[in-house]
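Student: One letter stands for each residue in the lines below.
There are 4 protein chains.
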Amino acid sequence: MGEHTKRHTIEWHDPLATAAAVKEMSGLEALRAMQRGEIPLPPMTLVMNMRLVLVEEGHVVFSGEPGEYHYNPIGSVHGGYASTIFDSALGCAVHSTLPAGDGYTTLDLHVRFIRAITHETGRVRCEARVVNAGSRIAVAEATLYDAGGKVLGHGTTSCFIFRGRG
Amino acid sequence: MGEHTKRHTIEWHDPLATAAAVKEMSGLEALRAMQRGEIPLPPMTLVMNMRLVLVEEGHVVFSGEPGEYHYNPIGSVHGGYASTIFDSALGCAVHSTLPAGDGYTTLDLHVRFIRAITHETGRVRCEARVVNAGSRIAVAEATLYDAGGKVLGHGTTSCFIFRGRG
Amino acid sequence: MGEHTKRHTIEWHDPLATAAAVKEMSGLEALRAMQRGEIPLPPMTLVMNMRLVLVEEGHVVFSGEPGEYHYNPIGSVHGGYASTIFDSALGCAVHSTLPAGDGYTTLDLHVRFIRAITHETGRVRCEARVVNAGSRIAVAEATLYDAGGKVLGHGTTSCFIFRGRG
Amino acid sequence: MGEHTKRHTIEWHDPLATAAAVKEMSGLEALRAMQRGEIPLPPMTLVMNMRLVLVEEGHVVFSGEPGEYHYNPIGSVHGGYASTIFDSALGCAVHSTLPAGDGYTTLDLHVRFIRAITHETGRVRCEARVVNAGSRIAVAEATLYDAGGKVLGHGTTSCFIFRGRG
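For the record, the sequence lines run as chains F, P, E and U.
Residue 1 is where the first sequence starts when you use this note's numbering, and the numbers rise one by one after that.
Residue 1 is where the second sequence starts when you use this note's numbering, and the numbers rise one by one after that.
Residue 1 is where the third sequence starts when you use this note's numbering, and the numbers rise one by one after that.
Residue 1 is where the fourth sequence starts when you use this note's numbering, and the numbers rise one by one after that.
No lab work stands behind these hints, which were simulated from the structure alone.
Treat the hints with care, since some could be wrong.
[To be verified] Rough simulated footprint, nothing fancy, chain P against chain E, three-plus residues with beta-carbon under 8 Å:
#, region
1, 65 to 71
2, 147 to 159
[Claimed, not checked] Selected chain P positions facing chain U (in silico; Cβ < 10 Å):
#, residue
3, I137
4, V139
5, T156
6, S158
7, F160
Ideal Cβ placement from N, Cα and C applies to all residues, glycine included.
Next up, chain F with everything else stripped away, as it sits in the complex:
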């Protein structure tokens, strides 16, 4: 590609090994094991340069630092970056409420982009909480902040819960 080409290398472990380990634990145990590095982080976390900074039942915080390689064609970080961190934080907030043997899948993700994210934004922080944990459906909402506490976006999700798949 020539001299102006930049490079970034992602290194990861087998995500199916992570998924198999996650399945044996409650959501809270699995997320805390990932946070402590006892289970390898899933590769998309590395692609997005994100990490899990807080895990409680129904409440999860991710942070992330977007790079130049997350840019869109119109001069800012691609909306897919914020969407990915919202999807992670919202899904994990729901996951944190589930006992071992239960699983979930995300039905939808709705992200409202409030301020543009650029290279200069630095570290962002996505705080998610469960609004309602029903027997079949869980609803969660999250807010994305910059380091100074300014709101960058808001997101919500509905997840479908699979019960008793132990």
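Go by the hints and put chains P, E and U onto chain F.
Tutor: This is chains P, E and U only, laid out in the frame that chain F set:
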């Protein structure tokens, strides 16, 4: 990280050079120049292994091939992958309606995940069309398909249009 | 309330009798029976001055004529009017795909308001189609038009399907 | 319609007189004047049997009591009821942040229905707060509760702000 570590390297060009070139053209010209490789693709396109396969006024198709490095912790491709391809296709569909000098920003993205995407899904295809191109706000919708034509997801967006910034 | 007061009276039949009749039929049968007037329309249909104008499997059209009594405090028809017609058309499109014994409940409704609706808009028409009818979840989308075919809004929904409750 | 017919009559004042009065005031003044009964409530409020119970800057609470005339064909209160109360509370929360001369229009409404509402639910309460009041776009979120504090639904909106139309 040891012997089980896998690696993927992304190589890209300066996205601000792409953004500067894009600004001088109509949306249709800019997207077609990217499709023909005359303007470097923005890095997020490469991170997600996507490409622009069709560009018409108000109608854009992206395809993408998710890899293992796009996995989440629960055994499938992260929802951020589909969200990114939806955001790209929907935003570019809106962009394709804009004359030179106008710009846009995405206000929100709503993605409905219909079937899980895994490593075996292969190439996916996101077809977006503009529902309404207003003077200030444009609305677009898109459907994501697998290679066999099965619906994987549905997405919608609203974009804010900046007029007359030439 | 004095001489400037206006009045509108709604007359309806017991909606639980309608619901009981609906339960015995497939979705398509129930909707067609309502369209032909063999089952009383549910009261909200009358409150919103709506009617079912087309029913096919996975495709439903409602029309409605908003009145002054549907106004909000800022000089136009309340967003709840369009929301109600979208919710009806989208839910009925999903319902039209269900055999007798199955039921559904709406998980979420997302409405994008494109043009304001006023007293002068006249009759509006909401065309809904099912995007995907899964075993547990169905997704539908709809467009709202004025009499001249201008797009007034766009909506989507996800419904949860209860199987085999006959 | 025969002996089983039920009737409900709505009485209202000219909503354009309300809209004209609202235009002269800040959002907070207009909403408080409606709450105190100094400006007639808009008719849709009466159609839905709702009232404004709390107005602060960026924070609004509506309550409502659905009746049998708000029923859908499947045995519960129509989703349009909750949608209308969400649209009212969210829009008024945004309105409460606007000075005299500014206006707003709702771009989209997203409602997540968490528990079914029936005749027996009684009074519901919708609490809305502004997430971000930008110069052009405001985002708000709201939660709907029953009298016992159970969550019935969650909603979000984006509104477009018209500045300086005094």
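Student: None of the hints should be skipped; say for each whether it holds.
Tutor: Do the hints match the structure? See the list:
no.: 1; hint: 65 to 71; in the structure: violated (count 0)
no.: 2; hint: 147 to 159; in the structure: holds (count 4)
no.: 3; hint: I137; in the structure: holds, 6 Å
no.: 4; hint: V139; in the structure: holds, 9 Å
no.: 5; hint: T156; in the structure: holds, 9 Å
no.: 6; hint: S158; in the structure: holds, 6 Å
no.: 7; hint: F160; in the structure: holds, 7 Å
Hint compliance for this structure: hint 1 is the single one not met.
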